[in-house]
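Chemist: As a plain string of letters, each chain reads:
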Amino acid sequence: MKETQTLQNQIESKATTERISGSEAIVRCLLEEGVKVLYGYPGGAIMPVYDELYKYQDKIHHVLTRHEQGATHAAQGYARISGEVGVAIATSGPGATNLITGIADAQIDSTPMVCITGQVPSNLLGSDAFQETDIVGISTPITKWNHQITKASEIPEVIAKAFYIAKSGRPGPVLIDITKDAQFEEFDYKYEKCKGIRSYKPIPETDRSSLEQAAGLINNAKKPLVVWGQGVILGKAEEEFKAVIEKAGIPSAWTILGASAIPTSHPLNVGMVGMHGNYAPNVLTNECDVLIAIGMRFDDRVTGNLATYAKQAKVIHFEIDPAEVDKNVKTDVAVLGDAKQSLKDLLPLLNANSHHEWHHKFKDLYEIEFEKVIKNDLHPTKEGLTMGEVLKEINKQTKGEAAIVSDVGQHQMIACRYAEFNTTKSNITSGGLGTMGFGLPAAIGAKMAAPEREVISICGDGGYQMTIQELGTICQQRAAVKVVVLNNDFLGMVRQWQQLFFDKRYASTEMTNPDFVAIAKGYYLNAKRVTKREELPSAVEEMIASKEPYFLEVCVEKEDNVFPMIPSGASVSDIRLE
Amino acid sequence: MDKEIKHFTVSIYTENNIGLLNRISAIFQRRHINIESLNTSRSEIEGVSRFTLVVDITEDQMKKIIGQLERQVEVIKAYYHTDEETIYQISAIFKIKSDLLFEERQIQNIIKESNARIVTVNKEFFVLEKSGRKQEIDLLHRELSAFGIMQFVRSGRIAVTKNEMKISQMLEAFQH
Ligand SMILES: Cc1ncc(C[n+]2csc(CCOP(=O)(O)OP(=O)(O)O)c2C)c(N)n1
Ligand SMILES: [Mg+2]
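Sequence order for the protein chains is A and B. Its first residue numbered 117, the first sequence is counted upward by one per residue in our numbering. Its first residue numbered 25, the second sequence is counted upward by one per residue in our numbering.
Pulled out of the complex, with its shape left as it was, chain A reads as follows:
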């Protein structure tokens, strides 16, 4: 009791210094940054930090994942649902290299994450010591910033900087590599949060005239279209965004990382753009007169062939990262800055509008997509189960309140297309990197960050097996994640491409799968398998009702395809419905 009291005092008296070890300082710095949970895996070069994590376990919760990749994805899931920085920790050498996929994923999807790795003692650096690897060199192109610490005295400042960089501006991953001698070394500890870095400007200044030009174009537009991305969510600009599109009456479409920023049911929400997005927003991208891109980066999966992308339109780009402007699509007006502020400033400059006729075009094209695609996905008449009807059942039973954490493949596209969202930060998926194996560990992190929410992981039978060992983490933490595997016994998305573009030569895409239910039960999870349509509602009901983690395998049609589809290299308006 007394001991925790003094600890508390120590933590609170920031101004004074005290002599502690580097490893204790690391944990204290994390506490200063408000970290409550971190994900990782121990090993030689990081053992002093684990020793401190043991001592501080009533203040900071370390989650032992079953693989360091799982630790990064869990940290990402944590960050994506909460908007806080996710933290992952690993030992040197193989521990550090196992973080790489998650770091690359966080970089391309702008996820705030701090990774801490142990390193061999500084006198052994460069000697090919046991478990020495140049993780700073390896991670350089996939981190927003990285740094190696060889002296304990650098720890507070560098960690403060790490958190500041990870979460400010366009967020991203930061890796801090700390030699073992720096962890043992004692020094005079004092923590100060980072308030700025002179070479780094997180938010560019907004040019008032660009806002006025943007407003002018929007006010004069007859057929405006908004495409928004994750920038709206990262910038906490959901309300400002909604106010803008509602006032100007603009049909608005999302990239997969932008999903859930406004509810699915919002009348101005016209669906998803991109390769497997909705028909109307893709086709009408090539018919709109003003394209307003907000917090998105014109990924090639969104634009299809750039040479024929929205050529008829004036393009306005609201963007926090100046390097994204004109990178893929030439803009007429770039509004640099933070989306929340820019949209707030834009609102009074806009005229109220409704664009009735233009909205009808979206409705008409939706009807076509419904007849050709959606009807078959959601109300199938054939015997086999579709992925879409599983999502429909989940929507029905969660009333759109669940956070959906998907893996990568056909099931991901179906989840993004059909999941209904009422609240923001509810669609957690690996967008830019398309990392199979993301879905299960990311759901663990998401559930731990938001225990009050229903978190449902939607995985394919392929990707699930890339990080299936994280069932061990679920089992140990009793994190009440709901895991759904949509099993088609295929690497379905690749099989679809083989069917469409490689004359059905199914090279290494068919899988002989294990008994997934038995495996889940082996990890002491409640588990069920559904093979028939009539079993689905009750199984989903049982899953949602469970206060415990739950595993549900749904055996779906083996050779279904995801449509619509923009074949790679084709124009958005050449999207195929079958």
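Check the hints yourself; a few may be wrong.
What the hints assert, rightly or not - Far from chain A, by Cβ distances over 12 Å, these chain B residues were calculated:
no., residue
1, I59
2, T144
3, R157
4, E160
5, R166
6, F171
7, M174
8, T185
Said to hold, decoys possible - If you only want the chain B side, here are some residues facing chain A, beta carbon under 8 Å, derived:
no., residue
9, T38
10, E39
11, G43
12, R47
13, A50
14, V97
15, V99
16, I100
Please keep in mind that the hints were generated in silico from the structure rather than gathered at the bench. Backbone N, C-alpha and C define an ideal beta-carbon position, used for all residues, glycine too.
Based on the hints, put chain B with the ligands in the right spot on chain A.
Modeler: For chain B with the ligands alone, coordinates are given in the frame of chain A:
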């Protein structure tokens, strides 16, 4: 006209950092852009380093690369300029057998005409330094090759711009 390949000098002002060269070169390498020349040194501002690179790319590419460079946390500011907008130099050092200096009259003429400078002379060899444009150095190299060069090295380009780069004001603004 943005599609025309041009010769650009890139000036990058940065914080001193061990890993930064790696970060900067990776930006070019990813896009298969050859760095023709690279020089790092201190700059006019205390504690700020300056990278000077030369690349042959289109202006379109150049603009995107400047964006990528400035996106790096430790890059303060990056600029690009054409040859006309800069005053630039490179320098080269030649190591040559001392005998030649005395036996071949022609060599003395070459040295004089090229405005090269003799840095040191001893019994075995002498060292010649020449600063200027690349063509001048290439010419000198050709002329001396006939007699035999023991060692040759040429530096990266260094350049200052004719117009001001507003870097100092930027750093001052940060202080406030
Ligand atoms: C780590 C990784 N390896 C390979 C791929 C390529 N890939 C994309 S989707 C896919 C198939 C996924 O199969 P499954 O998990 O069963 O999902 P399905 O498409 O069947 O729903 C593959 C192999 C990838 N995205 N990530
Ligand atoms: Mg599959």
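Chemist: Taking the hints in turn, state whether each one holds.
Modeler: A quick look at each hint next to the structure:
At roughly 16 Å, the least C-beta separation between B:I59 and chain A is larger than 12 Å, which holds for a residue marked as non-interface. With a cut of 12 Å on Cβ distances, B:T144 stays outside the contact zone with chain A, its closest approach being about 35 Å. With 12 Å as the threshold on Cβ separation, the claim that B:R157 sits away from chain A holds: the shortest Cβ distance comes to roughly 33 Å. Separation of B:E160 from chain A is adequate, the least Cβ-Cβ distance of about 36 Å exceeding the 12 Å criterion.
No beta-carbon of chain A comes within 12 Å of the beta-carbon of B:R166; the shortest separation is about 40 Å. Distance to chain A confirms B:F171 as a non-interface residue, since its nearest Cβ pair spans about 42 Å, more than 12 Å. No beta-carbon of chain A is positioned within 12 Å of the beta-carbon of B:M174; the least distance is around 33 Å. Once the 12 Å rule is applied to beta carbons, B:T185 is consistent with being away from chain A; the minimum gap is 20 Å.
Interface hint status for B:T38: upheld, as the beta-carbon distance to the closest one in chain A is roughly 7 Å, under 8 Å. Hint status for B:E39: holds, given a least beta-carbon distance of 5 Å to chain A, under 8 Å. The interface hint given for B:G43 holds, since its Cβ lies 6 Å from the closest Cβ of chain A, which is under the 8 Å cut-off. For the restraint placing B:R47 at the interface with chain A, the shortest Cβ-Cβ distance is roughly 5 Å, inside the 8 Å limit, so the hint holds.
For B:A50, the interface hint holds, the least distance from its beta-carbon to any beta-carbon of chain A being 5 Å, beneath 8 Å. Hint status for B:V97: holds, given a least beta-carbon distance of 5 Å to chain A, under 8 Å. Interface restraint check: B:V99 against chain A, minimum CB-CB distance 6 Å, threshold 8 Å, status holds. Given hint, B:I100 at the interface with chain A, holds; its Cβ is 4 Å from that chain's nearest Cβ, closer than 8 Å.
Checked against the numbered hints given earlier, the structure satisfies every one of them.
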